[in-house]
Amino acid sequence: MSFREKSAWINFVLLLAFAIYFGNVALHMLDPTRPHANYLQLFVLLVVAIVVLEIITHAVIALRSPREARTPIDERERLIELRSTRPAFYVLLVGAFLSVGTIHIGASTWLLAHCVLFAIWAAELTRYGSQLYHYRRGA
Amino acid sequence: MSASPISNHIRRLRFEHREMTQQALAERIGVTRQTVNAIELGKYSPSLEVAFRIAAVFAQPLEAVFQFREPVSPRRRA
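Respectively, the protein sequence lines represent chains A and B. In this text, residue positions in the first sequence follow the working numbering: the first is 1, and each later residue adds one. In this text, residue positions in the second sequence follow the working numbering: the first is 1, and each later residue adds one.
Take these hints with a grain of salt, some might be off.
[Stated by the list, open to error] Part of the chain A face toward chain B, derived, beta carbon under 7 Å:
(1) Lys6
(2) Ala37
(3) Asn38
(4) Thr71
(5) Glu75
[Claimed, not checked] Taking beta-carbon pairs under 8 Å as the criterion, some of the chain B residues facing chain A (in silico):
(6) Gly30
(7) Thr32
(8) Thr35
(9) Leu41
(10) Gln60
(11) Leu62
Simulated from the structure, these hints should not be mistaken for laboratory data. Even for Gly, the Cβ is constructed at its ideal location relative to N, Cα and C.
Isolated chain A (complex conformation):
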């Protein structure tokens, strides 16, 4: 497995941690009386944890294969990145339109912000998921 494929796996798995945040938001939306977490605190905590884990895991895989880590991105990897951006863009586009749509059903700015945030998260997961699919397929 190449360094960049490992990196894509790390990014994909660590991004999944945001499911904790969106799970909390979804539970609060379903039952507004339910006591909820401090969203800002949880969000900042997750971002910091993900950044720290990204640095540690990438340092570990770079140390395990330093030559590969130093190799600049090649044409196949660049193609994989480009191909993966396309489906992610569509996910973001649909998510953005649906988020705007929530205004018309009287949703609060809090919900709108979370819909946009969810669309960004889903688009990033799609991007890394698509990269993994192409890496597994070979190109």
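Given the coordinates of chain A, work out where chain B should sit on it, guided by the hints.
Below, chain B alone, put in the same frame as chain A:
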């Protein structure tokens, strides 16, 4: 997924060049080992530049390394 119309003799050429490893070839043409593997298996068609670099490593003309076979469409086959 349809099979690539481009085939190659990289594996044989590597073997004939003192069993050159995929890693060694990859370093000489400036790509990753996984990309060389994908090219060898026909999963990825390289750019013209990389194709020429591979041919240059083996001191062969391009057509001795890569072959193009026109895919037969189902209508033509019938």
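Query raised in the report: Hint check: is the beta carbon of Ala37 (chain A) less than 7 Å from a beta carbon of chain B?
Result: Check failed: Cβ of Ala37 (chain A) comes no nearer than 42 Å to chain B, outside 7 Å.
Requested in this report: With chain B as the partner, please determine if Asn38 (chain A) meets the hint condition of a C-beta pair closer than 7 Å.
Outcome: violated, 44 Å
Query raised in the report: Holds or violated: is there a CB of chain A closer than 8 Å to the CB of Leu41 (chain B)?
Result: Holds. Min distance 6 Å.
Query raised in the report: Holds or violated: is there a CB of chain A closer than 8 Å to the CB of Leu62 (chain B)?
Result: Hint on Leu62 (chain B): violated, closest Cβ of chain A at ~17 Å, above 8 Å.
Query raised in the report: Does Gln60 (chain B) pass the interface check with chain A, least Cβ-Cβ distance below 8 Å?
Result: Violated - the Cβ of Gln60 (chain B) stays beyond 8 Å from chain A, reaching only about 21 Å at its closest.
**Report entry** Thr35 (chain B) as chain A interface residue, shortest Cβ-Cβ below 8 Å
**Finding:** holds, 4 Å
Query - Hinted contact Thr71 (chain A) with chain B - closest CB pair below 7 Å - result: This interface hint holds because 6 Å falls under the 7 Å limit.
Query raised in the report: Holds or violated: is there a CB of chain A closer than 8 Å to the CB of Thr32 (chain B)?
Result: Holds - the Cβ of Thr32 (chain B) comes within 8 Å of chain A, reaching about 5 Å at its closest.
Query raised in the report: Regarding the hint that Glu75 (chain A) lies at the interface with chain B, is the smallest CB-CB distance below 7 Å?
Result: Since chain B brings a Cβ to about 5 Å from Glu75 (chain A), closer than 7 Å, the hint holds.
Query raised in the report: Given Lys6 (chain A) was flagged as interface, is its beta-carbon under 7 Å from a beta-carbon of chain B?
Result: violated, 11 Å
Query - Residue hint Gly30 (chain B), partner chain A, criterion CB-CB below 8 Å - result: holds, 7 Å
When each numbered hint is compared with the structure, violations occur for hints 1, 2, 3, 10, 11.
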